[in-house]
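Full structure from sequences and hints, please.
Under full-length UniProt numbering, the first residue of the sequence shown is numbered 1, with each subsequent residue one higher.
Because the hints were derived from the structure by calculation, they are not lab data.
Among the hints, erroneous ones may be present.
[Stated by the list, open to error] Ranges of calculated distance between the beta carbons of each label pair, as one might list FRET restraints: (1) P187 <-> V249: 35 to 41 Å; (2) E73 <-> Q231: 26 to 32 Å; (3) G292 <-> V67: 24 to 30 Å; (4) P187 <-> R36: 24 to 30 Å; (5) R64 <-> G230: 23 to 29 Å; (6) A22 <-> G120: 21 to 27 Å; (7) A245 <-> S28: 38 to 44 Å; (8) T133 <-> R64: 23 to 29 Å; (9) R188 <-> G120: 50 to 56 Å; (10) V254 <-> D69: 25 to 31 Å.
As the structure is a prediction and not an experimental result, all values here were calculated from the model.
Even for Gly, the Cβ is constructed at its ideal location relative to N, Cα and C.
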Amino acid sequence: MTTPDILCIGSVLWDVIGRANAHMRVGSDVPGRITRIPGGVAMNIAMTLRRFGLTPALLTAVGRDPVGDELIEECRLRGMITDHVYRSEDLPTDRYMAIEGANGLIAAVADAHSLEAAGGKILRALAEGPLGTSETPWQGPAAVDGNLTLALLSEIADSPAFRATDLRLAPASPGKAERLLPLLAHPRATLYVNLEEAGLLLHRPHDTSRSAARALIDQGAQRVLVTNGGQMAALADATGVIEAAPREVMVTRVTGAGDTFMAAHIAAETRGETGEAALATALGAAADYVSGDVAT
1 MTTPDILCIG
11 SVLWDVIGRA
21 NAHMRVGSDV
31 PGRITRIPGG
41 VAMNIAMTLR
51 RFGLTPALLT
61 AVGRDPVGDE
71 LIEECRLRGM
81 ITDHVYRSED
91 LPTDRYMAIE
101 GANGLIAAVA
111 DAHSLEAAGG
121 KILRALAEGP
131 LGTSETPWQG
141 PAAVDGNLTL
151 ALLSEIADSP
161 AFRATDLRLA
171 PASPGKAERL
181 LPLLAHPRAT
191 LYVNLEEAGL
201 LLHRPHDTSR
211 SAARALIDQG
221 AQRVLVTNGG
231 QMAALADATG
241 VIEAAPREVM
251 VTRVTGAGDT
261 FMAAHIAAET
271 RGETGEAALA
281 TALGAAADYV
291 SGDVAT
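Okay, structure coming up:
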């Protein structure tokens, strides 16, 4: 059995994305393209990690339905380890649907109910082997997303199975950002959020990534990265704050950009990059993604 470089824990589903070149508003009916591709936060992170040469294992829930079988095969073809995926007989494979226009994301609906219903079953390989146990915990990195329930994220925060894990945390969306609060002060956690998500965690908005990152550290976070679209991004820890600006690009898509940024930063640090260099690598990968220069 192949040993993974990193675990991706959370949402793996089908993304159904409608994209149009026109500016859109509520009620718009315009021509465009509709695609169905493997997605979900954990999956998006895993795909970027593969592009950087890492081998991720997926810990998620996928139904034993035809679309679930298709999804597992797509994951395998893309070089991901699926041996530890929880396959449910009675839960359907999750889906995400979004509409994007020239002015960005118009609306989205995430149907991750099966992942939520599966709960701790997706972590069996970490509690009972072969990836780890409470006595011999997983010691590598693990990307965890906010599609998991608050109860399961709270369990991860206190679990001995994660006491040696390099935790990398990402909200699934602004609406789920506060689910990560139990893990905010975990001594081995790095938090990746955008400016809106940071404001929700702080219970007050901030004008810049720098101020939000600093405030999260003051609130107990160990290390945070805050992005703000095309504006300055910030990395903060107890030693201070580092800032960098993404390069200007023509935006052709937005869904998955934050996940790409996070995965690229993890990959950069795995290669030994630190500080400004790792942040620059992550911003460059995100810029390539939103400009359409990276295939999905």
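Hints versus structure:
| no. | hint | result |
| --- | --- | --- |
| 1 | P187 <-> V249: 35 to 41 Å | 36 Å, holds |
| 2 | E73 <-> Q231: 26 to 32 Å | 39 Å, violated |
| 3 | G292 <-> V67: 24 to 30 Å | 26 Å, holds |
| 4 | P187 <-> R36: 24 to 30 Å | 40 Å, violated |
| 5 | R64 <-> G230: 23 to 29 Å | 42 Å, violated |
| 6 | A22 <-> G120: 21 to 27 Å | 44 Å, violated |
| 7 | A245 <-> S28: 38 to 44 Å | 32 Å, violated |
| 8 | T133 <-> R64: 23 to 29 Å | 27 Å, holds |
| 9 | R188 <-> G120: 50 to 56 Å | 20 Å, violated |
| 10 | V254 <-> D69: 25 to 31 Å | 30 Å, holds |
The structure does not agree with the numbered hints 2, 4, 5, 6, 7, 9 stated previously, though it agrees with the rest.
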